[in-house]
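S.K.: The primary structure of each chain is shown beneath.
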Amino acid sequence: MKDYGMVIVGAGEAGARAAAELRARGWTGAVTLIGDERHAPYERPPLSKQALSEDGEPAPVTILDRPKLEELGIRLLSGDAAARIDRASHEVHLAGGARVPYERLLLATGANPRKLSLPGNASNEMLYLRKFEDALAIRGRLAAGKRAVVIGGGFIGLETAASARAKGCEVTLIEAAPRILMRGVPEPIAAMVEELHRRNGVSFKTGTGIESVNREGGEYVVSLADGSRVRCDVIVTGIGAVPETSLAAECGLEIENGVKADEYLATSDPDIFAAGDCCSFPHPLYEGKRIRLEAWRNAQDQGTHAAGNMLGDRAPYGAVPWFWSDQYDRTLQVSGLADPSNTTVLRDLGDAGKLYFHLDGEGRLVSASGMGTPGGIAKDIRLAEMLIEKRAHPSPESLADAGFRLKELLKA
Amino acid sequence: MAQTEWIEACEVDDIEEEDVIRFDHGDRTFAIYRTDKGDFYASDGYCTHERFHLSNGLVMGSTIECPKHNGRFDIPTGAAKRAPVCVDLKTYPVKLENGKVYIQI
Numbered sequence: 036m037k038d039y040g041m042v043i044v045g046a047g048e049a050g051a052r053a054a055a056e057l058r059a060r061g062w063t064g065a066v067t068l069i070g071d072e073r074h075a076p077y078e079r080p081p082l083s084k085q086a087l088s089e090d091g092e093p094a095p096v097t098i099l100d101r102p103k104l105e106e107l108g109i110r111l112l113s114g115d116a117a118a119r120i121d122r123a124s125h126e127v128h129l130a131g132g133a134r135v136p137y138e139r140l141l142l143a144t145g146a147n148p149r150k151l152s153l154p155g156n157a158s159n160e161m162l163y164l165r166k167f168e169d170a171l172a173i174r175g176r177l178a179a180g181k182r183a184v185v186i187g188g189g190f191i192g193l194e195t196a197a198s199a200r201a202k203g204c205e206v207t208l209i210e211a212a213p214r215i216l217m218r219g220v221p222e223p224i225a226a227m228v229e230e231l232h233r234r235n236g237v238s239f240k241t242g243t244g245i246e247s248v249n250r251e252g253g254e255y256v257v258s259l260a261d262g263s264r265v266r267c268d269v270i271v272t273g274i275g276a277v278p279e280t281s282l283a284a285e286c287g288l289e290i291e292n293g294v295k296a297d298e299y300l301a302t303s304d305p306d307i308f309a310a311g312d313c314c315s316f317p318h319p320l321y322e323g324k325r326i327r328l329e330a331w332r333n334a335q336d337q338g339t340h341a342a343g344n345m346l347g348d349r350a351p352y353g354a355v356p357w358f359w360s361d362q363y364d365r366t367l368q369v370s371g372l373a374d375p376s377n378t379t380v381l382r383d384l385g386d387a388g389k390l391y392f393h394l395d396g397e398g399r400l401v402s403a404s405g406m407g408t409p410g411g412i413a414k415d416i417r418l419a420e421m422l423i424e425k426r427a428h429p430s431p432e433s434l435a436d437a438g439f440r441l442k443e444l445l446k447a
Numbered sequence: 440m441a442q443t444e445w446i447e448a449c450e451v452d453d454i455e456e457e458d459v460i461r462f463d464h465g466d467r468t469f470a471i472y473r474t475d476k477g478d479f480y481a482s483d484g485y486c487t488h489e490r491f492h493l494s495n496g497l498v499m500g501s502t503i504e505c506p507k508h509n510g511r512f513d514i515p516t517g518a519a520k521r522a523p524v525c526v527d528l529k530t531y532p533v534k535l536e537n538g539k540v541y542i543q544i
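Protein sequences appear in the order of chains W and Z.
Here the first sequence is numbered in this note's numbering, starting from 36 and rising by one per residue.
Here the second sequence is numbered in this note's numbering, starting from 440 and rising by one per residue.
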């Protein structure tokens, strides 16, 4: 390869892990990481949790700080966005005018919060959470006695609600769907999460849309389709994310619910790869179904994996999807893709929590979802993940028996 | 060198093969391991990445995996093996006497 080197657009989890992996794998040519934020790569999961709720001045939790970047010989171009990709000349054009040539390019551009446009004079005053500065802005508005409305009962919304309660706010969560966590989480687990929030003082308005948001004097008034009104001091909206595909689309790469990649995480241009929230790919464990995951672990694993393929591995990516969410003293974890259409098995761990397993029509384990204490469920979820990876057909009786060690099933 | 002492942590039979338990002593907390080969080891209790107890994690062979973010450490040496952990885990000498596990701290 020429000394053009490896270029990564997007300095989040996937991009940073890819850069580090290129070095770990012995790549000695140039590695350039382009990020439009001014920070060194940092972890996003704490933004909805510790960054909002903990005392003291929050700081980004870095993945690769500047001394580490220097030690690894990774050039970070921060605060300057990639504006255009010239595939013919193998160059990335930056907004500031510079051009960065590439031998292989990784798109790790992530996703942006889905914007909600509502009637009323305060629609553009709603806050969204994606970046560290977003967390600071929300944090500045959460204080004891303040009233917060959270729109959206997904993970960002629920974690923000928990953090707002920790700060002593009065919290109302509004979800248009009939229940929270409609996407990817089994109904009984979602019910446990809602119950946990209610016990911690969050009010819910589910199954109702929002008619308008208005500023009236020093407060906001959120008017709901059911005729009720909620008055508050701050509105945080978390209704999902939209993959950032503009660079890819503009240079003619195929787009399909994200930057379209094959099983090797290569886009429709063999010199350009994709990883993380922006990447849609066919998953071998689920009959090649094309999926896109907005999850920390996937970003980490795909970034690492893509780096190997940029160096010529040509290894298919098939890690079991996994995500977690921390709310209050409880944790929720899901491995695999939840699919309740066939068999569901409950494993009841008492006070430690509950796990629900999904088996497909042939009895193969396809997902496990758990809610409980971290010590209670994490080990079983991890073992389930290994069983999913092995395409195991565990007996429902063993899964249901809380006294039976799931580790035994791996030996089978 | 700071003074060290041998502390009785648990019974040998308290830990199954390829497993880990938590041991608290004073204001400190430890993880005591038994590997798939039946060897005993001890380390600091919390993962070096986030304050999360490793006794909730999964022992695979001679590796401990933190259940929080799946960072891994080599149990005998405490070496960090998989991101996001990058700081090694402090380990402590272990001895077995009369069916009991002692750690030197």
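There could be a bad hint or two in this list.
Sample of chain W residues lacking proximity to chain Z, with all beta carbon distances greater than 12 Å (derived) [to be verified]:
{"no.": "1", "residue": "E168"}
{"no.": "2", "residue": "M227"}
{"no.": "3", "residue": "K414"}
Derived contacts from chain Z toward chain W, CB cut-off under 10 Å, selection only [as the list claims (entries may be wrong)]:
{"no.": "4", "residue": "R461"}
{"no.": "5", "residue": "H464"}
{"no.": "6", "residue": "G465"}
{"no.": "7", "residue": "T468"}
{"no.": "8", "residue": "Y485"}
Hints listed in this document are in silico derivations from the structure and should not be mistaken for laboratory results.
In this text, a Cβ means the ideal position worked out from N, Cα and C, and glycines have one as well.
S.K.: All hints, please: hold or fail.
M.R.: Status of the hints after comparison with the structure:
1. E168: Correct as stated: the minimum Cβ-Cβ distance to chain Z is 23 Å, above 12 Å.
2. M227: holds (19 Å)
3. K414: violated (5 Å)
4. R461: Cβ of R461 (chain Z) sits 9 Å from chain W, so the hint holds.
5. H464: Since the shortest Cβ distance to chain W is 19 Å, the answer is violated.
6. G465: violated (21 Å)
7. T468: violated (13 Å)
8. Y485: violated (12 Å)
In the structure shown, a violation is registered for the earlier hints numbered 3, 5, 6, 7, 8, in ascending order.
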